[in-house]
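**Student:** These protein sequence lines map, in sequence, to chains D and R.
Everything in the first sequence is counted per our numbering, starting at 2 for the first residue and increasing by one.
Everything in the second sequence is counted per our numbering, starting at -19 for the first residue and increasing by one.
Just so you know, the hints here were simulated from the structure itself, not pulled from any lab data.
One should not assume that every hint holds.
[Claimed, not checked] Calculated pairs, BS3-like style, for lysine-lysine (alpha carbon to alpha carbon, straight line, at most 30 Å):
#1 D:Lys17 / R:Lys303
#2 R:Lys202 / R:Lys255
#3 D:Lys302 / D:Lys17
#4 R:Lys293 / D:Lys302
#5 R:Lys255 / D:Lys224
#6 D:Lys17 / R:Lys189
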Amino acid sequence: MTDFRATAPLPGPPRKYQFPHVTRRTLPNGLRVLVAENHTAPLVSMRTLVRSGADRDPAELAGVAGLTADLLDEGAGSRDAIRLAEDIGLLGGSLGTGADWDAAYASIDVLSRNARPTAEILADVSFRATLPEDAFDRVRNERLTDILQQRDEPSAIAGKRFASLLYGTGVYGNSVIGTNETVSRITLDDVRRYYAQHYLPNNSSLIVAGDVDPDDVANLAEKAFAAWTRGPEPPAPKIAPQPFDSSRVYIIDRPQAVQSEIRIGHVGVPRSCEDYFPLSVMNALLGGVFNSRINLNLREKHGYTYGARSAFSFRRMAGPFVVAAPVRNEVTRESVTEILAELRRIRTGDVEDRELDDTKNYLMGVFPATVQSSSDIAGRLLDMELYGLPEDYFDRYRENIGAVSKDHIARVAEKYIDPDRALIVVVGHAAQIREPLGSLGLPIHELDIEGAPIA
Amino acid sequence: MLSIEHYRLGNGLRVVLNEDHSAPLVAVNVWYHVGSKNERRGRTGFAHLFEHMLFSGSEHVGNNEHFRYVQSIGGVLNGTTFFDRTNYYEMLPSNYLALALWLESDRMGFFLPALTQEKLDIQREVVKEERRQRYDNVPYGTAFERLLNLGYDADYSYHWPTIGSMEDLGAASLDDIREFFGTWYRPDNAVLTVVGDFSPSEAKELIEKYFADIAPGGTFPKFSLERRPLDGERREQFADRVQLPRIYRLYHLPRMGDRDWIHADLLSTVLASDKASRLDRALVHEQQIAQDVAAYVLPTESTGMLLLHATAKEGVDTEKLEKAIDDEIARLVAGGITEDELTRAKNRAEVDFAHQIENHDTRADTIGMLATYFGDPTMIHRWLDPYQAASAADLTDVAARYLVASNRATSVFVPTEAA
């Protein structure tokens, strides 16, 4: 054995990373335009971001934001759905549309030599969508079918029940797609009203990243998007989470299950939380990455799962904090116990120097690897616009992560992690897991996959 | 044009360097030319279980330390297993190139001393959970396994998927691990690709230092795969806990890279990709008898396959859906495809490939694949040429020859109560 193998080699001097320069301007109609140059591939990513998402759905029409976004590529300007797909295909592009809780998106990734005609199509989709009647019936039926199919998917069932128990029937309590009941109720008029109220230039941003010249993009954006007319800013939504005074367990019975889908958590914090950086480090250490405590415990120490994770859903308002783990039926109770123990331990301030350093170094070092492609860069600009992050956010990111100390970890864990008031949802084979879970000493309720109590 | 330099070490390890200073990153990627096709009966799933074991430490790297070393400096890493190959990769800040080479060389040359029964037992459980999570506990999760079972004879090792069976995973022993490692994990059965921000002369020195003294193996065991063509359609109906029926089809093709395979790749785009593609338009948009439809070829070395699946809408009978699919294929064969359809399919191939080589990590993987399957990493410059040269007639010709009943396996998933 030669000596050089005995220990890890030391690194060379670090080489500097710089996030691409971003050019910003605002058109007279209020549309903000952001452009980042990236010439590594002959591609460009163009996105319209509309700062209204499923959080604007009226409770009885849950799913309307998503359905509206789904209809954007069913006809726009002078093109019907087929013609749109054909023309984008001829430009070497692909069009995607969709909505999440915070926003709606239309995006086209395309060969950069075709940026100009692509911008014109994206403009049509953004404010000249035709929302045709025949497409509406078909697409709504497709969404209802998606909802039907989710009845078989344990992770979808777990997500839905967890959200509904935490947030009730209002914002964040449904899923973005809505329910069979609410989507059946949505009419084409509802969709057209949603489009008119929210798809406004002063509620939107145009993001372009890739192999382009910023001045060219500014000119073509001005031409293509100038006709989009302003409207009144839509009112801000509200959430009404259900507070718990103690932890409780909900078993969602799925008799065919060979694994239990576990969700443990509670209401978290909004993206604007002042403790965002210490929380990000604390969560990464707790369960946010492969080498985190929860994954090493459940997967590498016990072999209970293929993977366990924790996450704060940093949305415009306080999204959930949740630990998620699919585990085999026989170790369901043990897994819940281990997760709760990790949540308690992180609150005690028991953090080693090495694991804190490893976690911070990971978060600081990994950033360049996550923004290689034009599409990645566009995604980062989108976050910036959506959450109002400062212009130097990515330049100061390392510094902000680097400043997090052990004391910060203990403080934010104590403040934002609450294992004694946790919602525990387990989608699994009730007959096999009911009794073991009983030994946790927590109240247990049983529901069917739609959330109705089982007597 | 990418700068590609490739050479071989004295022990047979093939090395490919692609210098690119566009970001302070370096991607290190090792392809071993071994996969589930090299498994023996009674040990299905073994190549993939083995991949998990290679993350559990080696002589100079502790258990879980491989992940820690890479993640704690901001690197990302993983490994994957497929029929014909297993890959291991990390992407790190470029000043850590030596670390990645140290880690990869330690597990290539010094893996066995760190092996323990306890590590095997834990990873066996983890892989069983992976199987439950991705195959057994989700709707249609076993469809690919069923298609392979049906579409390839039991003596052809595409007959089973890389995840393997629970029973075989349970049977894997430490002796199996030692034997598999000795047979396949050796420098003369691997390609090391390095992409990114490095100096080639330094990289070559480091590679020499860490890899050159790892001994090559003896002769490779005799291994040949002889695929018999199907002698007629093979069909099954399978009752599963699903809400809607779904039709799965596997059509045999020549191996990846063959002209017919490339034409079939383009054809799959014409058939099912965007809303204007043939099957999407007919089944989803116009007739509204399908919830979704997909068609694609898999990047497989020993033989090729085109997979096609379509989900029936509620109340739609699968015979009607199958007939509609076959009618569209027949229409395409009889009427041909348009120049616009061909252009769109070529554009998509060009953009997909541009995306694939846009990032350092996926580019390294593409290079490793080309070197392993075709013996020539510089094919990255020419990969799209046969795509650009394809004619509309080439695509209809492939449809006429391969998309026929006698060349396919069909598995129809139906809801339990309907069986």
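**Student:** Each of the hints needs a verdict: does it hold here or not?
**Tutor:** We went through each hint and held it up to the structure:
1. For the given pair, Lys17 (chain D) sits about 59 Å from Lys303 (chain R) by alpha-carbon distance, which is inconsistent with the 30 Å threshold.
2. Under the criterion of a C-alpha separation no larger than 30 Å, the hint pairing Lys202 (chain R) with Lys255 (chain R) is inconsistent with the structure, at around 48 Å.
3. With a C-alpha separation of about 37 Å, the suggested pair Lys302 (chain D) and Lys17 (chain D) falls outside the 30 Å cut-off, and the hint is violated.
4. Proximity of Lys293 (chain R) to Lys302 (chain D) is assessed by CA-CA distance (about 44 Å); at most 30 Å being required, the pair is judged violated.
5. At roughly 28 Å between alpha-carbon atoms, Lys255 (chain R) and Lys224 (chain D) fall within 30 Å of each other, so this suggested pair holds.
6. The suggested pairing of Lys17 (chain D) with Lys189 (chain R) holds, with an alpha-carbon distance near 27 Å, which does not exceed 30 Å.
Of the numbered hints stated above, those contradicted by the structure are hints 1, 2, 3 and 4, listed in ascending order.
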